[in-house]
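Per our numbering, the very first residue in the sequence shown carries number 23; after that it's consecutive.
Treat the hints loosely; a few may be bogus.
Pairwise CB distance ranges, derived in the manner of DEER restraints [what the hints assert, rightly or not]:
{"no.": "1", "residue 1": "Glu73", "residue 2": "Arg130", "range": "16 to 24 Å"}
{"no.": "2", "residue 1": "Thr391", "residue 2": "Val364", "range": "26 to 34 Å"}
{"no.": "3", "residue 1": "Ala208", "residue 2": "Asp248", "range": "52 to 60 Å"}
{"no.": "4", "residue 1": "Gly37", "residue 2": "Gly423", "range": "30 to 38 Å"}
Since the hints were derived computationally from the structure, they do not count as laboratory data.
Note that beta-carbon positions come from the ideal geometry of N, C-alpha and C, so glycine has one too.
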Amino acid sequence: MNALLRRLAPRTLRGRLSLAALAVAALLVTVLTVAFNAVMDLHLRHQADDELRDRAAAVAATVDTGGARVRVVETADDRVLDTDAWIYAGGRLLEKAQGASADGPLTRAADGLARRRTTACTTARGREPVRLCSLAVDGTTATVVTALDLGPYRNSVDTLLLGSLLLDGVMLACTYVLTRLSVGRALRPVRTMTDQATLRSVTGAADRFGDLDQPVELARLGASLDALLDRIRTLLRHERQLTGELSHELRTPLTRIIVELDWWRARLRTAEETRAAHDAMADAARSMRAICDTLLRDARESALDPATVPGTTDVVPVLERLLRRLDPPQGVGTDLRAGVPVLHAGVAAALLERAVSPLLANAVRYARTGVTVTVSADQVSRVVRIDVADDGPGVPQAFLGELFQPGQRAEPDDGHDGAGLGLPLARRLARGVGGEVTYAPGHPAGAVFTVTLPAG
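Could you build the full structure based on these sequences and the hints that come with them?
This is how it looks when you write it as structure tokens:
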């Protein structure tokens, strides 16, 4: 049964709302129709009772109760009055209605009313219902009972009932049609938004639902959809960025492993050379694992408070290790300058490596004679400052606006294999822990990039 009802239920929102409105209207119309017909039936009954009392009063005027016995005074219109009237003296019938049998249902009902000796009414059931009312004459034992055929009144009630049912049917049909039209018109913007969403999912358009002139409810829905689209696009962009950063960061250790393998295969090596090659490849593999762990951890924790400090690291040993791993071109030297031998940053060592490595790789790539790394601490602002300077050509003035944009390079045909992802990665990682990566354009020669991290 439930499956049948679910199969018969409308599948569209317009159909369901129209059916719900029809059900509510049908319930309301049914209650009103029943109440209206009940009131009309009661009103017609009271109207019949009033007419019976008036006729009983007219008949009572022909009853003489002044003498020792109750007697009926004959009048000119006595035949009309006696048509549906019974006259009793005490419990004795003096005169019965014309055409009524002595033991018929109407006479028995009249006898019952006469025995009450009060003013009362009752309905006798037969082929047609008949209403009877009694009236005591001047407080004596004389009683007049009159009868009235309720057929015309019942016909009036039935006509009213039929008319109300026809009117109810017309009202319900109009309610259903108007509800469908109104709901369809109200849902037209929703269909428009659905078509637009389908089109935008195919074309990737940057339009927004909030730009449309809609009612308040649909405007709020459009704003929610816009926010959802923004989050989805942010997640997709972050996924593409993470993939690019992984490929960018893993390129260097992979190249080192390939070079070591090619070098080892070129000719027979001694056990010591083989062990050194294995150590180099193992170190590169560990570096790859650290890169993956760092980037994936940063991706998982991107929703956390950027001011959260994930760890504490001694900066100088990490920078020394990074400089030892560099493979600068012939004639390019590296120099580390630290104001104090021990300087702690409030970040994990792996994240510090990933934030500084792209800057060192770029500096070594473009330097002419040397790269200088300067480490200092600002006790007032509680930050650690790392300056990476080289004496290369520097960054072109026209490219400064795109310097930290992913995938952008000042000179794509300069012979280097960079992908334009290192600087954006460094800045993103630094900002993720409350730091920053900036470029100093006023340097007289070469380029100077500064990494600021919270002090540990």
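List in ascending order the numbers of the hints, as given earlier, that are violated by the structure. Result: hints 3, 4 break, sorted rising.
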